[in-house]
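**Q** The chain contents come next:
Protein chains: 2
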Amino acid sequence: MLEKLIPKKIKGFRDINPSLNKLRWDVLGKAKEVYENYGYKHWDTPVLEYAECLGKYLPDKEAVDEGVYSFRNPEEEPVYKNDGNELRDEKDEVIMDKHFVSMRYDLTAPLARVYSEEVFLQSLRGQLNSKNAPLFRRYQFGPVYRFEAKLQPGRFREFWQLDFDTVGSPDVSVDAESCLVLSEALERIGLERGTYRVKINNRKILKGLLIGLGITNVDQENNILRILDKLDKIGLTGIFDELGKGRKDESGAFIPGLGLDHDFITELMSKFEILSGIEYREQSLAKLEKIGINNEIFLAGMQELNKIDSLLAALGYKEDRVVFDFSLVRGMEYYTGPVYEVESLLKYTDAKGVERGIGTICAGGRYDSLVERLIGIQVPAAGASIGVDRLCELLVLAGRQKEFKDQTVFITVFDDELMPEYQKIAMELRTAGLKSEVYYGSQRSLKKQLGYADKNGYPVALLLGSDEHARGEVTVRDLRLGEQMSGDITDKEEWKKKAQFPVRREELLATVKKMLEQTQI
Amino acid sequence: MLEKLIPKKIKGFRDINPSLNKLRWDVLGKAKEVYENYGYKHWDTPVLEYAECLGKYLPDKEAVDEGVYSFRNPEEEPVYKNDGNELRDEKDEVIMDKHFVSMRYDLTAPLARVYSEEVFLQSLRGQLNSKNAPLFRRYQFGPVYRFEAKLQPGRFREFWQLDFDTVGSPDVSVDAESCLVLSEALERIGLERGTYRVKINNRKILKGLLIGLGITNVDQENNILRILDKLDKIGLTGIFDELGKGRKDESGAFIPGLGLDHDFITELMSKFEILSGIEYREQSLAKLEKIGINNEIFLAGMQELNKIDSLLAALGYKEDRVVFDFSLVRGMEYYTGPVYEVESLLKYTDAKGVERGIGTICAGGRYDSLVERLIGIQVPAAGASIGVDRLCELLVLAGRQKEFKDQTVFITVFDDELMPEYQKIAMELRTAGLKSEVYYGSQRSLKKQLGYADKNGYPVALLLGSDEHARGEVTVRDLRLGEQMSGDITDKEEWKKKAQFPVRREELLATVKKMLEQTQI
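Protein chains in written order, with my numbering: chain A, 1 to 521; chain B, 1 to 521.
Derived by calculation from the structure, the hints in this document are not laboratory data.
Source: prediction; values computed, not measured.
Wrong hints could be hidden among the right ones.
Which copy is meant is left open, because identical chains are indistinguishable; a pair holds if it fits in one copy or across any two.
Taking lysine-lysine pairs in the DSSO-like style, the calculated list, with each CA pair at most 27 Å apart, reads [claimed, not checked]:
hint	residue 1	residue 2
1	K318	K287
2	K30	K405
3	K424	K318
4	K32	K9
5	K32	K22
6	K405	K32
7	K514	K9
8	K131	K447
9	K30	K435
10	K8	K131
11	K150	K98
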């Protein structure tokens, strides 16, 4: 209960202003085009879903309510039995319950639901298997929601993702294609080649490595992977300690280790060190050959990466776009094969003058088990996601946001009686394809009206009082010329003449058009 | 608790498939252009807001949790006092609470929050008043959420709105502009003039009428307006009964009446009957003059409508676009001046052969008090909203959805060894500006692969096996020709030659381009 109503957003949520929206929709529009060029189709799913359908696939979360906005649906609905029928009590009444619903935390879990819903009857009838599961390729964009209890600066609880996925194919050509799509989308959005790189690994490489060293328990595997995933943050030494007896972090707090055997850690780390580090793809693949791991899973992973490499090579995708990085883990436990992420190499200088990067802007991989929990049948799937807000932030920080010049013609309002005339001018301009805004506030000073135009970055203002109207004239003011010269006025009279002048009403459209062409970049 | 996981959407929610998405984004894109032409700027706000900030402005709802998805924020936050400071206990500890949050039920309440948040400090300092409140013009689109306990068929609990509003101006020219914007947007979207009409009324007319007849209590006024609002559903007789002793509805249930005095009802109804009915705007305005109501509010309403009419007339907006309808109430109690809605005049034939209309597709009006509850200062505001989903439904039902021909070139996959070649062809086509999709499933039959292409409406498929590859050829299949002729095959051999033929690899691009040009509409 708020005692007082204070108009504000929930912490971690934000408003998107016109300039950021311009950028966001430019990014979405361009990536969308690329996705469509590859045959992905635009689907949309609700923001709200049954909690059980979304599942618990948040990174490192065991419970559905951790990190997810969930609540009870206000509607009572039947509870279902395993055979798909309604659960009933002794009196044969359907048992009702208010089910938990969640705000989607990503776009992949809803995809699994869409796909599963589509093939559900087939799966109940036993007509569906991994091999005949229909191919489904979709892209989707929109907000997702995460309740991060400790919100880091610059992070949000509502943010936009832009996903594309292929469900129904085990072919790692799909994974290769994902890397093409990411690379092409980012370049279309405006990231030059060399300012980003797509990094690929395969879960089977890391899993195979651990199996080769004797780790066969899945929980233990995940625990180790979670620590290897921290390479960027804690380095090889940090990993060494966390696999073993633990370590103190910068704040002095003790982080308990896994307590693994010293010899095992030494061997793992020596291999992991060899594997980490980015080289020519050919050399990276050669390292895998030489590492001395020969189990089936490792070899399968190698074969998949070789296939991906040969496709990339055939299409001329060199290391300035796509590389292998065998230290890449990707947090999500649901990945089962190739994983990929895009690292931005752009730097920016923060308020304290420190040079910083923004890291990962896209991520994805193969998840062959995500549909299984919903329909009991493994259906192969792979895809990736662009972190739209993160990418927009990068474009702003690195100064890559294209300057947008609003070309709206602004019509100031002096005299309420002339409102029909102001509107007619606006309509004439719009009919000619120009944007035009009439200011609604005849009681306000010209200064205030022009302040509004200035705030919106408008190039041209029109002024029309009853005298000018009687003479058949309109006064035109060049707001950008004003802006340009105001710091360096040598001859005020001349400036005035250039920046503000009368034109005949019938010449207005032509004059304004010409001015806009000049101010356009 | 679901015993079994059944992959499904929450009742009242839906997935948007590619075809509906195409339509939705076509509608959004075109309306957006019109909004921008008038100077409205694109803002976005979160889906989730503090319940207190959104308020209880749902039609006919008294409590915040009726009709709105609300739940407790998982985060504890301070409770605020009336002076804006945190509330503290005896030990001077800040009192914390988990505040209620709501999924937005429209885009107007968040607008009021955005605006209020912007001017909040100014308002606290006493620097803000109705006259100097800054002008703010924004458009916004996105999903809104309503928990309708009894969900009508064809209604949804998540649906999209597309709003534009002007905050900070009392000038009813804004309301006139709203009607221009709605009309222009609908015509750009594809509704021909004459298939829709914008209807305008003014709350001050109805309020003035009631005052003239002695009703000064606001609750009573709202009760009467709520019944007058049912004109379309229950007719004049139904209104008469509900104002008086009540009536039985079609199901036989008794609807209690307001129990108003018979003479009062007779007088109200005689005037309401005169006022209802659509004529030339000039004649409508003349009726107001003659109705015999002279109180200040009624006269102010008349003056506003006259101003709106004179603007519309000056711009050439005749009755085929905008009319007056003095029986128009609009449910929302927050409207304080002009109200408007757009009625679609298009009919469609339902499954039972009955001709039906779809009614209201846009609505709006002036709401001068919405910001007041957040900052204590009345700030004039007006705007309107397009019901995106309702409009899309109308376009589909009335057969106005433009046929969309997907122009993606489909590449079938026979031989896994040739995957690099398939990809190269796809890349070559994409580089030339064509869409192209490689099928990922070499193990599947050609029939299955072509079935997928067919489902997606693709025009051309390419077939390439190792023999053709060795000969430097690719087989091209015209899928639309196939479709076109399959019902009417006279010479199978000739059809085959036309529908499927080999081309030299180096002539592939040119051949496909030519085919696509022919299949394009």
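**Q** Take the hints in turn and mark each one as holding or not.
**A** Evaluation of the provided hints:
For the homomeric pair K318 and K287, the shortest alpha-carbon distance inside one copy (18 Å) is at most 27 Å, but the shortest distance between copies (77 Å) is not. For the homomeric pair K30 and K405, the shortest alpha-carbon distances inside one copy (20 Å) and between copies (21 Å) are both at most 27 Å. When the C-alpha separation of K424 and K318 is checked against a cutoff of 27 Å, the pair qualifies only between copies, where the shortest distance is 15 Å, while the shortest distance within a copy is 58 Å. Proximity of K32 and K9 under a CA criterion of 27 Å is satisfied inter-copy only: 25 Å between copies versus 30 Å inside one chain copy.
Within a single copy, K32 and K22 get their C-alpha atoms as close as 15 Å, and across copies as close as 12 Å, so both meet the 27 Å cut-off. Proximity of K405 and K32 under a CA criterion of 27 Å is satisfied in both settings, with 24 Å inside one chain copy and 18 Å between copies. Taking the shortest Cα distances, K514 and K9 never come within 27 Å of each other, neither inside one copy (43 Å) nor across copies (54 Å). Taking the shortest Cα distances, K131 and K447 sit within 27 Å of each other only across copies (15 Å), while inside one copy they are farther apart (71 Å).
In this assembly of identical chains, K30 and K435 lie within 27 Å of each other by CA distance both inside one copy and across copies; the values are 24 Å within and 14 Å between. Only between protomers do K8 and K131 lie at most 27 Å apart by alpha-carbon distance; the minimum there is 23 Å, versus 52 Å within a single protomer. Taking the closest pair of Cα atoms, K150 and K98 come within 27 Å of each other only across two copies (16 Å); inside a single copy the shortest separation is 30 Å, beyond that limit.
Comparing the model with each numbered hint stated earlier shows that hint 7 is the single one that does not hold.
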